[in-house]
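> Residue numbers (the working numbering), protein chains in the order written: chain Z, 69 to 510; chain C, 69 to 510; chain P, 69 to 510; chain Y, 69 to 510.
In case anyone wonders, no lab produced these hints; they're calculated from the structure.
Among these hints, one or two may not hold up.
Just so you know, same-sequence chains aren't split out, so a pair can sit in one copy or run between any two.
Below are the DSS-like pairs computed for lysine-lysine, each with C-alpha atoms no more than 27 Å apart in a straight line [to be verified]:
| # | residue 1 | residue 2 |
| --- | --- | --- |
| 1 | K418 | K255 |
| 2 | K350 | K142 |
| 3 | K255 | K359 |
| 4 | K176 | K350 |
| 5 | K506 | K175 |
| 6 | K175 | K359 |
| 7 | K142 | K506 |
| 8 | K190 | K359 |
| 9 | K82 | K190 |
| 10 | K506 | K418 |
| 11 | K175 | K142 |
There are 4 protein chains.
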Amino acid sequence: MTSAPDFTIRTLGKCTLESPMSQDRSQVTNFIDDDARLLFDSYANVVEERGGLEQAPKIEPAGPRRNIYFDPSKSRAAVVTCGGLCPGLNNVIRGITLGLHYLYGVKKIYGFQYGYEGFIAKYGHEAVNLTPETVDSIHETGGTILSSSRGEQPTEEIVDCLDRMDVNMLFTIGGDGTMRGALDVTKEIERRELNISVVGIPKTIDNDIGFTDVSFGFQTAYTEAVEAIRSAHTEAKGAPNGVGVVKLMGRLSGFIACYATLALPDVNFVLIPEVPFDLEGKNGFLETLRKRLERRGHAVVVVAEGAGQDLVASTGKTTVFRKTDASGNIKLKDIGVFLRETIAAWFREKGIPVNIKYIDPSYLIRSVPASPVDSVFCGQLARNAVHAAITGRTELLIGFWKNHFAHIPIQTAISMRKTVDPGSDLWRSVIETTGQPKMVHG
Amino acid sequence: MTSAPDFTIRTLGKCTLESPMSQDRSQVTNFIDDDARLLFDSYANVVEERGGLEQAPKIEPAGPRRNIYFDPSKSRAAVVTCGGLCPGLNNVIRGITLGLHYLYGVKKIYGFQYGYEGFIAKYGHEAVNLTPETVDSIHETGGTILSSSRGEQPTEEIVDCLDRMDVNMLFTIGGDGTMRGALDVTKEIERRELNISVVGIPKTIDNDIGFTDVSFGFQTAYTEAVEAIRSAHTEAKGAPNGVGVVKLMGRLSGFIACYATLALPDVNFVLIPEVPFDLEGKNGFLETLRKRLERRGHAVVVVAEGAGQDLVASTGKTTVFRKTDASGNIKLKDIGVFLRETIAAWFREKGIPVNIKYIDPSYLIRSVPASPVDSVFCGQLARNAVHAAITGRTELLIGFWKNHFAHIPIQTAISMRKTVDPGSDLWRSVIETTGQPKMVHG
Amino acid sequence: MTSAPDFTIRTLGKCTLESPMSQDRSQVTNFIDDDARLLFDSYANVVEERGGLEQAPKIEPAGPRRNIYFDPSKSRAAVVTCGGLCPGLNNVIRGITLGLHYLYGVKKIYGFQYGYEGFIAKYGHEAVNLTPETVDSIHETGGTILSSSRGEQPTEEIVDCLDRMDVNMLFTIGGDGTMRGALDVTKEIERRELNISVVGIPKTIDNDIGFTDVSFGFQTAYTEAVEAIRSAHTEAKGAPNGVGVVKLMGRLSGFIACYATLALPDVNFVLIPEVPFDLEGKNGFLETLRKRLERRGHAVVVVAEGAGQDLVASTGKTTVFRKTDASGNIKLKDIGVFLRETIAAWFREKGIPVNIKYIDPSYLIRSVPASPVDSVFCGQLARNAVHAAITGRTELLIGFWKNHFAHIPIQTAISMRKTVDPGSDLWRSVIETTGQPKMVHG
Amino acid sequence: MTSAPDFTIRTLGKCTLESPMSQDRSQVTNFIDDDARLLFDSYANVVEERGGLEQAPKIEPAGPRRNIYFDPSKSRAAVVTCGGLCPGLNNVIRGITLGLHYLYGVKKIYGFQYGYEGFIAKYGHEAVNLTPETVDSIHETGGTILSSSRGEQPTEEIVDCLDRMDVNMLFTIGGDGTMRGALDVTKEIERRELNISVVGIPKTIDNDIGFTDVSFGFQTAYTEAVEAIRSAHTEAKGAPNGVGVVKLMGRLSGFIACYATLALPDVNFVLIPEVPFDLEGKNGFLETLRKRLERRGHAVVVVAEGAGQDLVASTGKTTVFRKTDASGNIKLKDIGVFLRETIAAWFREKGIPVNIKYIDPSYLIRSVPASPVDSVFCGQLARNAVHAAITGRTELLIGFWKNHFAHIPIQTAISMRKTVDPGSDLWRSVIETTGQPKMVHG
């Protein structure tokens, strides 16, 4: 039992205005009660052990409230997308715009371009107006109409810009680094005693954000990844001792590799960051691969980009580096290329001809439009972000917990990374599907 | 607060054998504890009102147990698919077969053909053997390799057949009617004091089964339905006063209509069984449609097949019937055709030319292979069904509750139909998306 | 040997201006020689029989000429789309716009809306400006951004409008009726001695235009139709005595039915307008279907909408009508619905249970965006139409003949309808694929 | 006017048997007359210049003949697939099998595995039987059920194997190298005076085989390539100074790059082997790219794998090699990786930040199933190959010339490679689409 995470949500002040949704034509009566709390844990005994109903950690559900904090007619919102592309970015932009406009009557919505660069004068990226017309059909295309960029920008200048442009609701769509940046922004806002709410929508194609069951774009991503596996399988079977190697996204968490494999179970080896493996030795990956080829004449390997980083580092062949990119992510050594070369060299030495087909579909996966399932999900995330911001809630992001949209403090969310638990049903399903053994010495 | 549903699971006897999974190569250590229970309710205050942690309704989680009831080497399993097609049927058949074979070592698995007909001698449908080889690539195609049929068959003869063929685990994949049939079968098994476990996997493309957040095939279905909406929108815009009418599945619940609309928000009117509407009158559907055409020149209408049944019945133009089909479902009058004709007649009378494009994509939707998202889900459902049956649990189906697979007594599941709550976030999202008003008199 | 068609192309006058393409950055040197002619016939002996190289019919190839007729800087072009939707309409609109703009420098291009209605004042459809910006991404969506309509409009008023708006190049995209209308327009232009060139791009999803090997949208159409066949096959196999019936487009020519069947050879019966068949009798369709069901338990039937019209007419059950729609097309009685009902009744009478699944995917097929193959083709058609119009050629349409784009006089094109020759390799391929016998008395 | 190619077809002997197709149920009457010849040239004046109808080069049309050479009941056929994967391989295998079986009654058909290796004992690849059952649904999957391999094998041993197994018709599906191998086989067969017919179906995803307008798989390939361009465009727009680089297949001919660009005209630079370009200099590619970025902020580059080989060779940075692979193809230096690195280095030096997204989708393209358009085409190729072989024709391949299937001598076909003519309408269309200038010094 780990210590309970903190789910307390910070607000800018008391909600004294009646929500315009209470008068709308649809006669909404299902506002979320401000006192409602979701139990963090699902199992009755775990709740008991956490101290019972009273003590157990609880999460504030997302959704519309009867009273709001900001006067919509006087509000100005800002939206920004940061980091790498992810399916659904445009759906989220559209959902926020339409939600602000139609649900609450906020008419001034800025789209800041090229991520946090958009707030910084020297880059010269002009902010665009987001209206129902400009976002009308953007959900049909991949990418982000606001463009994106990696990397931090000076917090002070960002807040200067928000202040100067009278923005009182900032929606940041991005990953870890973006959320850390958003947290800094909220601190600076607090220091300056500004009335600006900051709400994040977590964007992680790897599905590795804490306290949210699934992140937007993830389901589209592994749906697309399936095609790469299909291709690798076809190629592997099409040549003597064919080995299809697919590198999939997953820097620190192997969810895409796992789910894509479960979705198209033609994979024989799944290598993820969470489960170490050896290359050499009688139980190692290479010997296991050799046996598979001997037995079946072909093999499909799916490797998450963050898998086996220790192996790449330990070899003298590849330059070892530990730099970080503009977003502060550690630059990974390319396990895919490394595997391709290592397999080729090992089998060459053994005198066994192999045909390696290496597929790296990353850009093809992340740039597609959201699938219908993700489209629905993105729309819901976006509307809930709007509901949160208009009530003056801040420093939070919209999570999805046990089938409920929920408010998660940014600090809490970024304090924990979600990974594939090697003892979980997910990983067990994967190894049942591939039939792969433990590939470690011993 | 409605009275608490009963989630007590019946078993055939005590589990005295050690699960073979406890020795497998993957060294699984994550068996589900037999005492573990999921809280049925998510909100802390609801649990409180239900009498606190002790009293509140709880659900048994699905998953592998350390001890099992049936000796796999002596077991014979049977699989049957009933009712209309649904994406994912083959994935479920495959998952059950591979789960029984590889996880537990059950080698004799019969596939009964053409639904419950397959158990009845007079139809002459031979049972087929399901093996890893025969199911290897069936997940790539829609439909069911076992074929299906509608309608009840004599319970006694079904049990005779199971008994005669020494089946001790029966997996029934089907909807309401099928589950009622399965319940009858369990009663007859009990009466005869046979040792046969009956586990259902609920198949409802309409997503209307109680106590399960999402049913297999549903996400694929609304994904496909999106294409019909896209087509209707294109057609509507392509002609003067174009009206695209799409009839989607949804006999008693409008989930597909709602989700497809949220996934491709080009829809102006969503009509579902749960929300009554009027045709005539100044607030009625027809006048509202007229105004929309006047304003925008085209319109898209999505209608669930079970919507507006009162309207069809009330007209003198169409034969009113209330028969039931072979599965006992009430035969619906065709609201789609009715709407098309009613719109045409009303506008003709008004002297307003309209171009109606009517699309009924039902078979095109339900016959596709499972999407990758549903593929993963079907595999999980199937493995959990296997885990349940091998432990002698019976009279249950595998549900999905707040992100956990769970055991739901068949009786409890069929006692309640899940419908779109007009006061829910889902319906509110839909009307925000379409902008449609309440279309009732008054 | 039928008498030779007339391929003489009419022009408005002598081309005295140098083409701007002769100076462009790409240094084009491949202008088409004005004297170049394609042989109409492929076989040497046929050319011989037609009177040798000198006498045999020849066709003018399409493409850019060194000299042009209209001064681009003073030109105004008009584009109109008529009749039913067809994949590729937007690609053609885009191609014409970009071709006029970039290849020749024509900057004023009107898009007339809702077909020929767009020229007639009383409808109030405003013409839109077509520019590189407005057409930038329209090829990604189905339908036509100009909308369409069926039916004739007064020729005089159309020419009045062209004259009034100083249009000197009219591009009409449409089928038979549209081309007949375009011919009337050219006659009226000639009568008034106006300098307006009229160039057609034949739009026939049925691929039935004479003197062109393939029409745009056709390949996309049968590509989409394949999904309906796949669905019908899955449904047919999924039920006892399942019969999948797919109605495909093809009023007078069964090309879509034939090609879709060749593309997905799971079809057992193809019924097209060109090949008569009987329902009753021992060689008739119904008895042949019965035998198939007896043997295999399921069947797939593909029927072109124009097939078996004599059969529908001969029955007393269905209202016989011979009306024409707004475009002058004979309204077909619905052979699909007729077949469904006839099959059901016949087998009911015989006491044989059948499960009929009827699929009519027409709108779903015709409203999709052009496939990549059709996209390329549409772009080429459009540029060739531009090349033709700018040289003052008129009364022609752009055909595709033996892998060359060509100029076909409208009169010649509409004088002959292309149909499936029952003695051709195409039809032989179809019956080899289905294994269907001749289904006629005798 | 180049000298006329030789289209004389060699046959094993006189056709003395009546074709079984003359008695089949479909009452085929459209046999191809043995004297029929297609004119090689389309233009009347070219035919004239080639010496008139009598002298001009002519091609034998493919198709069924009234009389055949081999007795089907005593025939044994063999099918082999060689070289890299290409969409449609399984369709061709299926079409040959079904054609032999159903059209002529040849019941013994061997599939040799792993290309020419399959004939050589030491590899131990067993031949499989091809029957209507084994090929029933193979057209639904990519790759080849026979697997493939690269490289030559000893001609003598291949003929030994054919002789030993009593094969009298060999169908080879492969590219240049494969056809050269097939030619050697026919020579050896002739030397030994064996009665074995060898018919090729040319497989070149690059569409570069001479004397055939389009090769199977090509249309599917550029259809798939479109997705990579879409992705590159989305990625390029999604980052500051984003540059999407897509490497497409095309060793010596840039057809895929050209057609994919015409199909999705979001490309700014197309680089193909046929059109040289400079990197440096004020008209060079790099400076042109810089200007494009300055103007628009993003760019998409499509490069065929064989483009710019001189540039890669001239640099000191990359190892220059001129080896050949097992099939005798010259191994290309990777222009894609080279471009990515060169662009990065050049802009880094200039102090201009760029975001390069490099996509190499080759395996994803070539491993997909044939599109419906290619499916139809493959079926036709296959049946025509069967018609050719059964009549004892040999040393030929099935081409497609001006909308007719035709017999092309292998020697003639491999004597000429089809390339993109920089003076053609195709290349002009490409540069009109991209707007790219000539990128050469001067």
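> Each hint should be assessed against the structure and marked as holding or not.
Cross-check of the supplied hints:
1. K418 / K255: Close neither inside one copy (60 Å) nor across copies (38 Å); limit 27 Å.
2. K350 / K142: The answer is neither: 70 Å in one copy and 35 Å across copies each exceed 27 Å.
3. K255 / K359: neither (57 Å within a copy, 41 Å between copies)
4. K176 / K350: neither (65 Å within a copy, 34 Å between copies)
5. K506 / K175: between (57 Å within a copy, 25 Å between copies)
6. K175 / K359: between (64 Å within a copy, 25 Å between copies)
7. K142 / K506: Answer is neither; intra-copy 61 Å and inter-copy 30 Å both fail.
8. K190 / K359: between (59 Å within a copy, 21 Å between copies)
9. K82 / K190: Neither. Shortest intra-copy (37 Å) and inter-copy (58 Å) distances fail the 27 Å Cα cut-off.
10. K506 / K418: Classified as within; 23 Å inside a copy, 50 Å across copies.
11. K175 / K142: within (9 Å within a copy, 44 Å between copies)
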